[in-house]
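Note that the protein sequences, when read in sequence, are chains A and B.
My numbering runs 85 ahead of the 1-based position in the first sequence.
My numbering runs 70 ahead of the 1-based position in the second sequence.
Mixed in with the good hints, there may be bad ones.
[Said to hold, decoys possible] The calculated DSSO-like cross-link candidates involving lysine-lysine, where the alpha carbons are at most 27 Å apart (straight line), are:
#	chain 1	residue 1	chain 2	residue 2
1	A	140	A	156
2	B	148	A	185
3	B	132	A	88
4	A	185	A	102
5	B	132	A	185
In case anyone wonders, no lab produced these hints; they're calculated from the structure.
Residue-level listing of the chains:
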Amino acid sequence: SQKIEQNSEALNIQEGKTATLTCNYTNYSPAYLQWYRQDPGRGPVFLLLIRENEKEKRKERLKVTFDTTLKQSLFHITASQPADSATYLCALDRSGGYQKVTFGIGTKLQVIP
Amino acid sequence: DARVTQTPRDKVTEMGQEVTMRCQPILGHNTVFWYRQTMMQGLELLAYFRNRAPLDDSGMPKDRFSAEMPDATLATLKIQPSEPRDSAVYFCASALAGEGNEQFFGPGTRLTVL
């Protein structure tokens with residue numbers, strides 16, 4: 086069966102360090118992968134999209150990699166700040182581009198001042 | 071400032087009662103999604119629509135859940151009869167049709183069924 090795994094344990098890091106979150110998947114061949122941020126009591130907010138033919142994408146302090154051989158995406162936040170504390174969700178296309186995505190359960194990131 | 075709105079924000083009801091949740095997608099967005107989020111299962115897709123037509127509702131328990139788009143500015147999710155296991159946060163999201171286009175989520179409806 087299709088499966089997406091994110092570190093369900095919380096990730097605690099020191100302010101200023103780089104946070105790295107992992108999204109692993111099995112039995113998918115997604116056309117793209119998205120990362121969202123979710124704050125408590127709010128809906129997810131889109132951050133980045135990376136397509137299957139892209140290895141890396143950057144946006145300000147964010148960087149996403151996509152390795153279709155390893156079936157893994159890594160999400161990096163450089164120079165992390167306490168305001169980056171949130172839950173981060175990866176979402177994989179499972180509809181050949183029809184926008185039907187499956188979300189991982191998310192990883193809770195806590196940046197300690 | 072365009073955003074997805076959902077009502078009610080919180081709903082407490084008793085088992086067996088009917089629950090209706092409403093969503094107003096962002097004007098111009100032609101794809102609407104309904105999700106359910108729980109701690110154990112995370113975000114699960116219940117149904118989605120394109121140009122008001124249902125594209126997929128395979129994630130929805132058909133016997134008690136129904137989703138509709140009476141017009142382009144309103145999507146509804148109905149549960150009848152509700153059960154305690156339906157307790158969750160229900161999110162609506164909207165998007166422009168197109169591969170990879172981001173979804174814009176509403177604030178959610180927190181449903182508690184006693």
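Outcome of the hint check:
| no. | hint | in the structure |
| --- | --- | --- |
| 1 | 140/A <-> 156/A | holds, 12 Å |
| 2 | 148/B <-> 185/A | holds, 21 Å |
| 3 | 132/B <-> 88/A | holds, 24 Å |
| 4 | 185/A <-> 102/A | violated, 34 Å |
| 5 | 132/B <-> 185/A | holds, 19 Å |
Violated hints amount to a single one, hint 4; each of the other numbered hints is respected by the structure.
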